[in-house]
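For reference, the chains in residue letters:
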Amino acid sequence: MCGALARYGESMSSNIAAEAAARSHAVLLVDSDPHTSALLVERMASRGHRAAVVPPTAEAMRQRLRFERFDVVIFDFHHERPEELDACRLARSDSGGAPVIVLAAPGSATDVVEAFRERSGAVDEIVRKPIAGDALFRLVSQLIARARDSRAGLYASLVSDGGRSWIDSGGKSPQLSEQAVLFTDIRRSTELAASVPLPEWFEAINRSLSDQGTIVRESGGSVVKFTGDGLLAAFRGRGRSHLALRCGLALQKLDRTSPYRDTLRVGIGIAEGLVMSGLIGEPGRQQYDVIGATVHLAARLCSIANEGELVATPKLVRAAAVPQASARPTRSVNLRGFPAPIECVSF
Amino acid sequence: MELATSYSSEDISRIIDQALVYQCACPAQIATTLLELRDLFDYQVKCGDTDDTNRRVHEAIARATAEAHTRMERCLDEVLDIEGWDRNTLTMPEALRARPTKSL
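Line by line, the protein sequences are chains A and B. Under the numbering used here, the residues of the first sequence are numbered 1315 to 1661, in order. Under the numbering used here, the residues of the second sequence are numbered 606 to 709, in order.
Okay, chain A solo, but in the shape it has when bound:
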């Protein structure tokens, strides 16, 4: 060992202040060697990071990962103990998506880790030993930033179009407004869910909802929420009835032309009227939603629509002024929750 270590320590301490300004990360070190793990813990701590050490055994890792969340997992690979690499699989599955970095010596040790990475998909990056300068710390910061971006994107995808508009407009209190409300619902979904393998069913629903969402947006509406096997969309402003009915007709067309038309047929219901929009839920977990009799009416109309059928109120159809070549005569129906029969038009 040479005196360069001391110089290295000095240069490292000059960077501490800058690093400390960055956010502290929680690092899980997986290492069976007490000396290397102690060194890594000290180096992490010197950068303001909180590091915990765990041996690469399934029991110890599960216990640690059950109660703590880490931003990154660093696994110190010792080539004479290749079986320990399996700890990376556990880190991948139980760490909530934390990036996994493996430290390995060049040559055959790195070859072993590369092969494991290929096989398992449980390793994000391999850092070669001896670790040069700040390489490991830079990589840790990059991977954590990447994981955060990815998580932020995932969170954003959980917010509906309506929710985003709500946030962008700075809305805080619920709003009353005239809107056209459209519901879709996949018909025979209970029967299909019981007969189609769930992964296939899940994928088919996602494809259908994705196509439906695209049409809603292209029609000038916004998806308020996905309802499991359908969606609720809202159309605001002048021309809302026209846009909603055009959207419904486009969804019908999609239903007839989609590659899974034989299995996934939707019913569609549209109504127009006063609705209240805003955030609903508990303080820590809310979602944007629309409520009111109009919403219930659209849902009921959707529920009586047959496969591939669109049912709307005559008032909306008149206001929409869309050529009604395929409209059937107006009829009266009894809808649950509504005291008097409701007139409706089917397409």
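Do not take every clue at face value.
Ranges of calculated distance between the beta carbons of each label pair, as one might list FRET restraints [stated by the list, open to error]:
#, chain 1, residue 1, chain 2, residue 2, range
1, A, T1504, B, E615, 57 to 65 angstroms
2, B, E607, A, Q1456, 39 to 47 angstroms
3, A, S1338, B, N693, 42 to 50 angstroms
4, A, A1470, B, A665, 55 to 63 angstroms
5, A, E1514, B, T610, 50 to 58 angstroms
6, A, E1382, B, E607, 49 to 57 angstroms
7, A, D1482, B, E615, 53 to 61 angstroms
Facing chain A, according to a computed beta carbon distance under 7 angstroms, are these residues of chain B, among others [to be verified]:
#, residue
8, S614
9, E615
10, S618
11, A633
12, L640
13, R702
In case anyone wonders, no lab produced these hints; they're calculated from the structure. From a predicted model like this one, the values you see are computed outputs, not experimental measurements. Yeah, the Cβ is synthetic: ideal placement off N, Cα and C, and Gly gets one too.
Given the structure of chain A, go ahead and fit chain B onto it with the hints provided.
For chain B alone, coordinates are given in the frame of chain A:
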């Protein structure tokens, strides 16, 4: 042409494996250099370019690389002896392993 080696690639990995931080692992630096020399040698003897000039270029580089490799392997022998490594298991002495932790 073949490169004579007294340390296998596993031996080299084992030496580097015990050195975590570049600045406190002199044997690992030599070991890393040996791996690089081996890569360079392999490239020179395997290059498909066989016209006379290029063949002589490759041979000259391979010869020099082999000499450097032999010299660096001897250097590694010397360094491991000086530091008191276990030559059978290629294990770093305990006192040296604990040292970087204290120094930091």
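Using the nearest Cβ pair, does E615(B) come within less than 7 angstroms of chain A?
holds, 5 angstroms
If I claimed the Cβ atoms of D1482(A) and E615(B) lie 53 to 61 angstroms apart, would that claim hold in this structure?
With a Cβ separation near 60 angstroms, D1482(A) and E615(B) satisfy 53 to 61 angstroms, so the hint holds.
Quick check on a hinted range of 57 to 65 angstroms for T1504(A) and E615(B), using CB atoms only.
Given a distance of about 60 angstroms, which is inside 57 to 65 angstroms, the answer is holds.
Restraint outcome when A633(B) is required to lie within 7 angstroms of chain A by C-beta distance
A633(B) check passes; min Cβ-Cβ to chain A is 5 angstroms, inside 7 angstroms.
R702(B) as an interface hint toward chain A, with CB separation required under 7 angstroms:
With a minimum Cβ separation of about 4 angstroms from chain A (threshold 7 angstroms), the hint on R702(B) holds.
Q1456(A) and E607(B) - C-beta distance against the hinted 39 to 47 angstroms
holds, 41 angstroms
Measuring from beta carbon to beta carbon, are S1338(A) and N693(B) in 42 to 50 angstroms?
holds, 43 angstroms
For A1470(A) and A665(B), compare the CB-CB distance with the range 55 to 63 angstroms and indicate the outcome.
Between A1470(A) and A665(B), where Cβ atoms are some 60 angstroms apart, the hint holds.
Is the shortest C-beta separation between S614(B) and chain A less than 7 angstroms?
Holds: closest Cβ of chain A sits about 5 angstroms from S614(B), inside 7 angstroms.
Is the distance from the Cβ of E1514(A) to the Cβ of T610(B) consistent with 50 to 58 angstroms?
The hint (50 to 58 angstroms, Cβ to Cβ) holds, given that E1514(A) and T610(B) are roughly 55 angstroms apart.
Under 7 angstroms is the threshold here; is the Cβ of L640(B) close enough to any Cβ of chain A for the hint to stand?
holds, 5 angstroms
Is the hinted range of 49 to 57 angstroms satisfied by the C-beta distance from E1382(A) to E607(B)?
holds, 52 angstroms
Of the numbered hints listed earlier, not one is contradicted by the structure.
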